[in-house]
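So you can see what is in the structure, the chains are spelled out below.
Protein chains: 4
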Amino acid sequence: MYVAETRVRVRYGETDQMGYVYYGNYAMYYEVGRVEALRQLGLTYKELEDMGVMMPVLENHSFFLAAGLYDDELTVRVTIREKPSVRIRFEYEITNAAGKLINKGETLLAFVDKKTGRPCRPPKVFDDTLKPYFG
Amino acid sequence: MYVAETRVRVRYGETDQMGYVYYGNYAMYYEVGRVEALRQLGLTYKELEDMGVMMPVLENHSFFLAAGLYDDELTVRVTIREKPSVRIRFEYEITNAAGKLINKGETLLAFVDKKTGRPCRPPKVFDDTLKPYFG
Amino acid sequence: MYVAETRVRVRYGETDQMGYVYYGNYAMYYEVGRVEALRQLGLTYKELEDMGVMMPVLENHSFFLAAGLYDDELTVRVTIREKPSVRIRFEYEITNAAGKLINKGETLLAFVDKKTGRPCRPPKVFDDTLKPYFG
Amino acid sequence: MYVAETRVRVRYGETDQMGYVYYGNYAMYYEVGRVEALRQLGLTYKELEDMGVMMPVLENHSFFLAAGLYDDELTVRVTIREKPSVRIRFEYEITNAAGKLINKGETLLAFVDKKTGRPCRPPKVFDDTLKPYFG
Numbered sequence: 001m002y003v004a005e006t007r008v009r010v011r012y013g014e015t016d017q018m019g020y021v022y023y024g025n026y027a028m029y030y031e032v033g034r035v036e037a038l039r040q041l042g043l044t045y046k047e048l049e050d051m052g053v054m055m056p057v058l059e060n061h062s063f064f065l066a067a068g069l070y071d072d073e074l075t076v077r078v079t080i081r082e083k084p085s086v087r088i089r090f091e092y093e094i095t096n097a098a099g100k101l102i103n104k105g106e107t108l109l110a111f112v113d114k115k116t117g118r119p120c121r122p123p124k125v126f127d128d129t130l131k132p133y134f135g
Numbered sequence: 001m002y003v004a005e006t007r008v009r010v011r012y013g014e015t016d017q018m019g020y021v022y023y024g025n026y027a028m029y030y031e032v033g034r035v036e037a038l039r040q041l042g043l044t045y046k047e048l049e050d051m052g053v054m055m056p057v058l059e060n061h062s063f064f065l066a067a068g069l070y071d072d073e074l075t076v077r078v079t080i081r082e083k084p085s086v087r088i089r090f091e092y093e094i095t096n097a098a099g100k101l102i103n104k105g106e107t108l109l110a111f112v113d114k115k116t117g118r119p120c121r122p123p124k125v126f127d128d129t130l131k132p133y134f135g
Numbered sequence: 001m002y003v004a005e006t007r008v009r010v011r012y013g014e015t016d017q018m019g020y021v022y023y024g025n026y027a028m029y030y031e032v033g034r035v036e037a038l039r040q041l042g043l044t045y046k047e048l049e050d051m052g053v054m055m056p057v058l059e060n061h062s063f064f065l066a067a068g069l070y071d072d073e074l075t076v077r078v079t080i081r082e083k084p085s086v087r088i089r090f091e092y093e094i095t096n097a098a099g100k101l102i103n104k105g106e107t108l109l110a111f112v113d114k115k116t117g118r119p120c121r122p123p124k125v126f127d128d129t130l131k132p133y134f135g
Numbered sequence: 001m002y003v004a005e006t007r008v009r010v011r012y013g014e015t016d017q018m019g020y021v022y023y024g025n026y027a028m029y030y031e032v033g034r035v036e037a038l039r040q041l042g043l044t045y046k047e048l049e050d051m052g053v054m055m056p057v058l059e060n061h062s063f064f065l066a067a068g069l070y071d072d073e074l075t076v077r078v079t080i081r082e083k084p085s086v087r088i089r090f091e092y093e094i095t096n097a098a099g100k101l102i103n104k105g106e107t108l109l110a111f112v113d114k115k116t117g118r119p120c121r122p123p124k125v126f127d128d129t130l131k132p133y134f135g
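Residue numbers (the numbering used here), protein chains in the order written: chain G, 1 to 135; chain C, 1 to 135; chain L, 1 to 135; chain B, 1 to 135.
For reference, chain G alone in the conformation it holds in the complex:
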């Protein structure tokens, strides 16, 4: 299991007239969370694409437990629970500055060869880096 945390501050343009973070914007927070989780391992999604592999999202599930508010500094806690194969699942827990859990979710992503457009294995460096966490 691999767990990492990153911070995201809510932007004004991410709120809606209800005064909350628009529900569609959590997908972006998830993206920031998983990208930074990988970066903390020395892996960048940008390099992955440069190696010819892209990671489209197959599924997204979100539970909106409490409102995210403007200027809140949110903590996005990302968990990879199972060893990635041709797919990788990220779980998210988002808490506000008061420590209240406001959002839970998960996304399933595929590894896809950019040239063929077909599912593929993650690059070796990806596997090697994550292996120690799934002993």
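Mixed in with the good hints, there may be bad ones.
To be verified - With a straight-line cut-off of 30 Å between C-alpha atoms, the simulated DSSO-like cross-links for lysine-lysine are:
#1 B:Lys115 to B:Lys83
#2 G:Lys46 to L:Lys115
#3 C:Lys100 to G:Lys114
#4 C:Lys104 to G:Lys114
#5 L:Lys100 to L:Lys83
#6 L:Lys114 to G:Lys115
#7 B:Lys83 to B:Lys100
#8 G:Lys114 to G:Lys83
#9 L:Lys114 to B:Lys114
What the hints contain is simulated information worked out from the structure, not anything from laboratory work.
Please build the complex by placing chains C, L and B on the supplied structure of chain G, with the hints as guidance.
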């Protein structure tokens, strides 16, 4: 059961560098779908808020089956399968111009009193308008 | 001079907690306006990219005259005043359903060869289609 | 004159299929820049709204000099050149990690009383905090 369809054209700003619709933008297409589904019944979400009721999203589930592409004219088919109570569930099927199903999803929304911030029943006009579909 | 109009309905996710359309979202309305203005001439930006030409934005200028509100059906009036060369300027006037002018702006775009990344002339079909409007 | 800098990392969802940051997203980077510039002075826009003052944008001008790319860590340099009155002008210079200037712009904002909707003076704490910079 109530079913309605509406069209949405993919904007350039909604794509990402993968050349697909960014996964977070489907939430906006769902929003357009359910708002237009209600409008076709003579109900507008704007009036609902004016009546003091707002509808925050509690859950969102999305399955990304194929890529949405720039300038595609998508059809968002919205289904309300169960009679709404203090919550209402919308199901979505998004097809591209070729008729291919590219996205499936559902959202669960609550009716909330804007003043108290507490769950409430939908306004009577809402119930009355939807009743015929849930014999 | 070429003038065209298109309609855009304000989405919930495009508002912010001020209760107005977030100022950054007008760029998307401008995009819809200019793309539909070209489509009304039989030109699509998508085809332009397929022909190997892309049109990055060089400048954007916006004047926010009155608030755009949720669910407003806006009219985006687009004017091309000068014959396009390696650049093309679009002017925008956005009015709400009451006919009130809420936003004025203009964008300057370049024609760029996708392969070389260098400025280029618009494709011949583009020139030919617009020529009648610039005596 | 007051100058401040803040960093923003380009998110995947902020790119478009050209592979660049979508031009409409710079407005959000400007927002982050000016909000963080004020925060570095001990002022938060959130508190300003809590004091009953909001700051709608009146004008936005952007010059797109070079492409912003996915995962770039951008520096947003914000300058307030003139002492704010009922309006405040922010200037922006955005550079990428290589130090290249990719975007220049400015926005003009008003101070507006949330209750009356009319232009107003900035709160005293705002004036007092900025005064030393406009000797």
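Next item on the list: Enumerate the violated hints, using their earlier numbering and listing them in ascending order.
Entry: 9
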